[in-house]
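Fit chain B to the known structure of chain A by using the hints.
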Amino acid sequence: MIAYFSDIYHGLISLLVGMGITFREFIKPPVTVAYPYETLTMCARYRGHIELLADDEGNPNCVVCGLCERACPSECISITSVKPEGSKKKVLTGYTLDFTRCSLCGSCVESCNFSAIAFSREYNLASSRKEDFHIDLFKRLEEKKR
Amino acid sequence: MSLTLLNVIAAVVIAVGFAALNAAYLVWAERRGAARIQRRPGPNINGPLGLLQPPLDGIKLMAKQLTIPGGADRALFIAAPVLAMFPAIMSFVTIPFSETIVARNMNVGVLMIFAFAAMGSMSLLFAGWSSRNKYAMMSSIRAVSQAVAYEIPMLITTITVVMISGSMDLMEIVRQQSGSILHWNIFPIFGNSHNLLMPFSFLIFFTCTLAETNRAPFDLGEAESELVAGFHTEYGSMGFGLFFMGEYANIVIGACLTTILFLGGWNCPFGLFPGVWWFLLKIYLLIATFIWIRWTFPRTTIYGLLNLSWKILIPLSLFNLLFTAGLLKVF
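First to last, the sequence lines map onto chains A and B. This note's numbering puts the first residue of the first sequence at 56, with every later residue one more than the last. This note's numbering puts the first residue of the second sequence at 853, with every later residue one more than the last.
If we strip away everything but chain A, and leave its shape as in the complex, we get (with noise of 0.2 Å):
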C-alpha cells in the first residue's frame, strides 16, 4: 500500500521536474540558423571541392606541372596547357575537376609544390545535372579576376 501511493507521488515529482525543463528551455532564445536567410561563416578547415589560387596580379600560381593530375586517385583532373614561343615555362589554358568522382581526399592539394590549389568553403552545391558538377576551375579564376 505504502509503495502504491510513493510511486504515484514519486511520479507525479518526476513529471513535475520534466516540465520545468521545458518551461526554462521555452524561455531561452532559439538556437537555430534560418538558412535561406541566414548562414554560418564556414570553418577554416572545411574540405570543399578544390579550387585554383592566383598571385597578386590575378594569374595563377600553377606552372602545369602535372603534380595533382598524377597524385588524383579518381583521375577528376585535367588540365591543359600551351608553350608560348621562346618561352620555358609552360601556361595553364584550362583547369577542369570532375566532381561526380572526387572523393576530397585532398591528395592533390598535398602534392602541390607551388600553392596553386586549395580547398574552397563552397558547400551549396546542389543541381538536377550532372554536368554541373564538371567545374571549370580555370574558369571561376578568371571571373573572380574581373
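Please note: incorrect hints may appear among the correct ones.
Over the 12 Å line for every Cβ pair with chain A, so calculated as not near, a few chain B residues [claimed, not checked]:
| hint | residue |
| --- | --- |
| 1 | Leu857 |
| 2 | Ile861 |
| 3 | Ala863 |
| 4 | Ile911 |
| 5 | Gly923 |
| 6 | Ala927 |
| 7 | Ala931 |
| 8 | Met942 |
| 9 | Asn957 |
| 10 | Ala970 |
| 11 | Met989 |
| 12 | Ile1004 |
| 13 | Trp1130 |
| 14 | Leu1158 |
| 15 | Phe1183 |
Listed next, the stretches of chain B that the computed footprint assigns to chain A, with coverage defined by at least 3 CB atoms under 8 Å from CB atoms of chain A [to be verified]:
| hint | region |
| --- | --- |
| 16 | 877-889 |
| 17 | 1147-1154 |
By construction, these hints were calculated from the structure, which means they are not laboratory data. No residue lacks a Cβ here, since even glycine has one placed at the ideal position from N, Cα and C.
Chain B only, in chain A's frame:
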C-alpha cells in the same frame, strides 16, 4: 431578447467561428510553443510571426482531393469527420462564458456536455471501421477503450463537484464559487466542500481531460510509430482537417469545463476587472499547459495508459467521491 431567426443564425455563425478560429490558431500556438521548447523559431515565414500559416494551411487542405479508399464504407467514411466536429460545436451551446454570454443555459448542462463528449469516440470508431485499414481499425479500438477508461474517473470526479454544488447547471456551479478566490472548487478549506482532496480531484479531472481529448502523452489513437497515423490514416484534404479541428475544439471544451468546475468560471480572483476575459484567460492558460505537457512527455504505452486509469485514477476518484459524500453529511 426574442428568439428570431436572425438571432439564431448569428449565434450559430459566432459559435462555429469561435470553434474554427480557436482550432486554427491553436495549431499555430501549438507549433510555435513546440518550437520554443525545442529552441527553434517555428512557423515564421507567412505573415508577421507566421500568423497567416493557419488560413494558408486551411486553403491548402480545402484545395486537395478527398480520396475514398476502395472497399471503404462510403457513407460512414464521409460522416465520421463531420461527427468529430459536430459534438464539439454542440457543446459550446451550453457553456457559459460569463453571466450574460451563454447561448442556451440549461439545468443539465454538465450532463449534456458529457453526452456529446461520449459521441466523440463514436466518430473515431466510425473513421477506423469505415476506412478498411488495419491500422485505422486498431487505432479506433484503442481510442474507444481509452475513452471508456477515462470517462469513468472523469464522471466520478464531476459527480463529486455536482454533489458539492447540488446542481448540474453550469452557471449555478460557477455562481457558488463566486465571492473570493478561496471559494473556487480547487481550493479545499474555505470552499463549499471543506474537502482536503479537491486539488487531487482537479488533477484527476485534468488528466482525464488530456486523455479524453486524445492529447499527448495519451494520444495512443494516433501513435505514428505503431499505427501510421491512427484512425485518420486514410483521410486526406478537409476530412483530415475536420478531425484536426475537432481535436482542438475538444481541447477548448475540456479547458472550459475544467475552468467552470474547478477554477471558478468567470469569477475574478480579487474583484479585479470582472468580466468575460477572466474566463478566457483561465481557459487559455489551461490550453497553454496542455501544449506544454504535450511537448514535455513522451507517449505512454497502451498498458501504461489503461493501468493509470483503472489502477490509480478510478480508485482515487471513487475514494474521493465517498469522502466528499461523508463530509457533506457531516457539515
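Comparing the hints with the structure gives:
The claim that B/Leu857 is not at the interface with chain A holds, since no C-beta of that chain comes within 12 Å of its own (minimum 48 Å). For B/Ile861, the non-interface assignment is confirmed: its Cβ lies about 42 Å from the closest Cβ of chain A, beyond the 12 Å cut-off. Every C-beta of chain A lies more than 12 Å from that of B/Ala863, the closest at about 37 Å, which supports listing it as non-interface. Under the 12 Å C-beta cut-off, the non-interface status given to B/Ile911 relative to chain A holds; the minimum distance is some 24 Å.
With 12 Å as the threshold on Cβ separation, the claim that B/Gly923 sits away from chain A holds: the shortest Cβ distance comes to roughly 39 Å. Every Cβ of chain A is farther than 12 Å from the Cβ of B/Ala927; the closest lies at roughly 43 Å, confirming the non-interface assignment. No Cβ of chain A comes within 12 Å of the Cβ of B/Ala931; the nearest lies about 38 Å off, and the non-interface call holds. Every Cβ of chain A is farther than 12 Å from the Cβ of B/Met942; the closest lies at roughly 33 Å, confirming the non-interface assignment.
Annotated as non-interface, B/Asn957 keeps its C-beta farther than 12 Å from every C-beta of chain A; the closest such distance is 36 Å. Every CB of chain A is more than 12 Å from the CB of B/Ala970 (nearest about 28 Å), matching its label as outside the interface. The beta carbon of B/Met989 is kept farther than 12 Å from every beta carbon of chain A, the shortest such distance being approximately 32 Å. Every beta carbon of chain A lies more than 12 Å from that of B/Ile1004, the smallest distance being close to 18 Å; the non-interface claim holds.
At roughly 23 Å from the closest C-beta of chain A, the C-beta of B/Trp1130 stays outside 12 Å, upholding its exclusion from the interface. A cut-off of 12 Å between C-beta atoms confirms that B/Leu1158 is not in contact with chain A; the least separation is 16 Å. Under the 12 Å C-beta cut-off, the non-interface status given to B/Phe1183 relative to chain A holds; the minimum distance is some 27 Å. Counting residues of the region 877-889 of chain B whose beta carbon lies closer than 8 Å to any beta carbon of chain A gives 4, which meets the minimum of three for the stated coverage.
Coverage of a stretch by a chain is defined here by at least three residues with a beta carbon nearer than 8 Å to that chain's beta carbons; for the region 1147-1154 of chain B and chain A the count is 3, and the condition holds.
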